[in-house]
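**Student:** Letter by letter, the chains look like this.
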Amino acid sequence: MKKIEAIIKPFKLDDAKAALGEIGIDGMTVSEVRGFGRQKGHSELYRGAEYVVEFHPKVKIEIVVLDDLVEKVSVALRESAGSGKIGDGKIFIYPVEEAVRIRTGERGESAIS
Amino acid sequence: MRRIIPVLALSAGLLLPGLAMADDVTPGQFTANNVWMMIAAGLVFIMHLGFATLESGLTRAKNTTNILFKNTFIVAAGILMYALLGFNLMYPGDFSLGGFFGFAGFGISTGAEGNTIAYADGGYTYWTDFLFQAMFAATAATIVSGAVAERVKLASFMVFSVFFVGLVYPIVGSWKWGGGWLDQMGFYDFAGSTLVHSVGGWGALVGAMMLGPRIGKYVGDRMTPIPGSNMPMAAVGVFLLWLGWFGFNGGSVLSADPEATSFTLVTTCLAASAGAIAAMMTSWFQFSKPDLSMALNGILAGLVGITAGADTVSILGSVLIGLIAGVLVVYSVTVFDRIKIDDPVGAISVHLVCGIWGTLAVGIFSTNPEHSFVTQLIGVVAYGVTTLICATAIFGAVKATMGLRVSENEELEGLDLAEHGSHAYDFSLGSGFMEPSEAPKHAPLATSVAATDRA
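Chains D and C are the protein sequences, given in the same order.
Note that our numbering gives residue 77 to position 77 of the first sequence, counting from 1, and the numbers run on in steps of one.
For our numbering, count along the second sequence from 1 and bump the result up by 113.
So that you can see chain C by itself, here it is in the shape it has in the complex (with noise of 0.2 Å):
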């Protein structure tokens, strides 16, 4: 409940001074809590390091340029379009639509008492609270980049993501965090399982679906592995994005309150190592052998499930929840492979899928008795129910429009050369060893001549 509070503690100052919430927040504590909510949204940005390693790491490397564009684009336009509406779109104060729609108007800008202690309870500044949220909105569209990868049409995908981070994004946030009609029926997303992550992951679903698998993937019954091109790079991503998860749910708490911000980050640790172990053993179990893709993926459907309600479960809660998300993610893999949904880096999986158990699992594990199964179902039904009916609709007008999937030509020869008319890695021939004596002052280039074992 962000915006809504300092609306409350505003309306409360005036109307009965002297009880003024904010008096309790010494201005040391406002900066201290403004500091850490300021690092937090730093912490969030480094999520999109890690999505784009990610997924160009289990990505193939002909399409290394066109991932990384989308994923500059999305980061890029999200902020900008967030503070020219999205901010407002999800925080509007009023609803001028019954819980279900409202708008504070185009822009951000701080008012009266923005970056005072009155603002948010001496959490943080009005600049702060838009930053951290923008970095929300820019995450819940790069989910999407991943499933579409290697085969959409990158101007589709940047129109898609201006009106899927823009528009549908706020919107529908706007209905937890804004204060809106599932706020005011009691359900709870703390840090986005829903609103973030299976938002994003149901556009990932559609544009999937929308798109068809990559050529060459399902071939009659068969399916065919189409391995990614740089593990390392796929390790490091996932870890950036634990990284950011502290930030993720660390700053959800709004404040730097000792006992929440540390009890949350302690949640989210626990979910997302149980994460990964389940999966393992799931991989280990179902594959025969140990998938690192996998066990990747299931640190991440720990982080997912845990977010929901890493401040309002148990420590026993978190654990279970991310072991739950991590046998999830592998059968959910499975799943979708079986019924041809080519998702090349298990964004479904792991935002959608997970992101529901997560916000499911607050109406089974939290502590917190006014938390209920059914108001959890309701919300996850009527997100779903929209972000589907929004995701189709946009990906369906800009496929009638500008098409939404490359020629099988420009598939083939990989999209960095087809949309980008470049190469992410050197494969030039004649880039190699100078001798020491003709070297210009710099060091010779490395490029590797001889083979070496590599069977």
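Bound-form chain D, shown alone (with noise of 0.2 Å):
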């Protein structure tokens, strides 16, 4: 088992969601986050004067899928989320040691599908 996260733009959300729902992935936890990388700070103003916010509001979406849908779920998620442009955010892997179903107390694949 992996755990996926992904760090996208928000408005890209609903796409990614769609994406992943294509292939099998019908559940996630989705939560609103601030960075940056690449992509640099913009000026706001406020009565007159400049300030530069660079925390970027962000959405990051963690799932755990079977190693075999690792791949698949990269790519979906990149052509969802992707715009081309500075900032489109980035996919992190990780392994998984367990899941557990708290309702049956199920572990491993069938906790997680």
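Please keep in mind that the hints were generated in silico from the structure rather than gathered at the bench.
Among these hints, one or two may not hold up.
[Said to hold, decoys possible] A few chain C residues that face chain D, going by a derived Cβ cut-off under 8 Å, partial list only:
id, residue
1, THR337
2, PRO338
3, MET394
4, GLN399
5, PHE400
6, LYS402
7, ASP404
8, MET407
[Said to hold, decoys possible] To give an idea of the chain C side of the interface with chain D (calculated C-beta under 8 Å), a few residues:
id, residue
9, GLY218
10, SER396
11, VAL446
12, THR447
Backbone N, C-alpha and C define an ideal beta-carbon position, used for all residues, glycine too.
The two chains are supplied separately, each in an independent frame; assemble them into the complex guided by the hints.
**Tutor:** Okay, structure coming up:
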């Protein structure tokens, strides 16, 4: 099992969710985060004073899948959440030691399918 | 000239039977006048909704409970203080110190003819008079709360406002509206550009200066903006204030006189509109982008500016007064930031600067030949010097005894938590959706979990 963390542009969330659904992934956890990489900050104005906002709002998607789905997920995310511009985000892949379904206590593959 | 008229009317009525002016107003007109004045009192009360929402909208969420608490305290304490001694300090009837000070005693009671036509030429009853004026008193104090927001100690501010509204406001107010020395000199302030707005504004200036700026606002030579947390609240607040001004100026006619009230409301709205446009254009030109909070301040600037002469300037005059106020407020905000006086909501620029402008504008634009620029200037200076000294004394005494400003830690963690131990907004994790099948009879609590496009 692998955990896939994708940090994407917020307005791409619906597309990403749809794309993941098409390859059979119907469960995920989503959080609002802020961050930056090569995307520079932008400046905003308030009562005549300029200030730079460096942390851009992003969305983080977390899913846990079996190993054979990892490549498909990666491709689906790149195609749906990418726009070709700096700031599209990143995907990180981690090994998962165990997964447990809280309701039933199922472990491993049956916990995440 | 409020209480002077009823006193003279009563005297005239007693000395010259048959010539009492009160005979000109029918009971029906008395009722109509009084109803309008009571509505006006309610409208002025609405300004407190405006201040509450405007101030909480332009400050940070971590201080919202604190700012609302201060606003709640001011209106409650203000009305009580005014009943206890403010009303009778402002309208003493007789002055004991040459038009500078008089006191008609503690507490409020109507006296023999307080609820009759004889009280105020059939304009309103004693009780209406008290309430309408009490609403003004509370307004003066709440102006200060915006300028000292996010760093003043709650208890210190409460002590300051008790003395400021309880003593300073009514005593200096008596100089004009109570028939004191400035009134006798011909100084004119229709609804309080000086007596309410600049008095509050001087208090705000002293408070902001003695407190110092918020942490992080001025770093070296740079000014770091501290944006407000809720622009819809700020906008709604300004519109509520505008609505309140219908009573603030409309009620200052002191009757329901059709011509005077309707004309005053028109000049008021024209000035507000002109102020908005002028501020919009000025901020657009100065900052290369139109700033909403400046446009909102522009509305208030126009309203404060017209308040001294709403009944006595021409239509064109009211528009010009508003336009100039709108330009003034934008530059004023910039200047105060440049000299590092931190005013989170622009209270000093709106109320002090435009209050002075509105007062002087009477000397320029009034259609009444008895009004003069010099007399207006004397009034501005007199109020300025006195209020400055009094505000400094009160803030100084508070600073020396209880301290004025919260600690650095308290300011950084937010006054809501530091002074109130609570949040204004629900930040708790876990108050999210319930499954419909599990929910008790009420509907599920709504909290946004999914992120949507907010970039």
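**Student:** Taking the hints in turn, state whether each one holds.
**Tutor:** The hints, checked one at a time:
Proximity of C/THR337 to chain D holds as hinted, the smallest CB-CB distance being about 6 Å (cut-off 8 Å). The beta carbon of C/PRO338 comes within 4 Å of a beta carbon in chain D, closer than 8 Å, and the hint placing it at the interface holds. Look at C/MET394: its Cβ only gets to about 14 Å from chain D, farther than 8 Å, so that hint breaks. A least Cβ separation of about 6 Å between C/GLN399 and chain D falls short of the 8 Å threshold, and the interface hint therefore holds.
Because the closest C-beta pair between C/PHE400 and chain D is about 5 Å apart, less than 8 Å, the hint holds. A cut of 8 Å between beta carbons decides the hint on C/LYS402: the least distance to chain D is about 5 Å, and the hint holds. Because the beta carbon of C/ASP404 sits about 6 Å from the nearest beta carbon in chain D, less than 8 Å, this interface hint is met. A cut of 8 Å between beta carbons decides the hint on C/MET407: the least distance to chain D is about 6 Å, and the hint holds.
Because the beta carbon of C/GLY218 sits about 47 Å from the nearest beta carbon in chain D, more than 8 Å, this interface hint is broken. A distance limit of 8 Å between C-beta atoms decides the matter here; for C/SER396 the minimum to chain D is near 7 Å, and the interface restraint holds. Here the hint on C/VAL446 is kept, as its CB sits about 6 Å from the closest CB of chain D, short of 8 Å. Hint on C/THR447 holds. Least Cβ distance to chain D is approximately 6 Å, under the 8 Å limit.
When each numbered hint is compared with the structure, violations occur for hints 3, 9.
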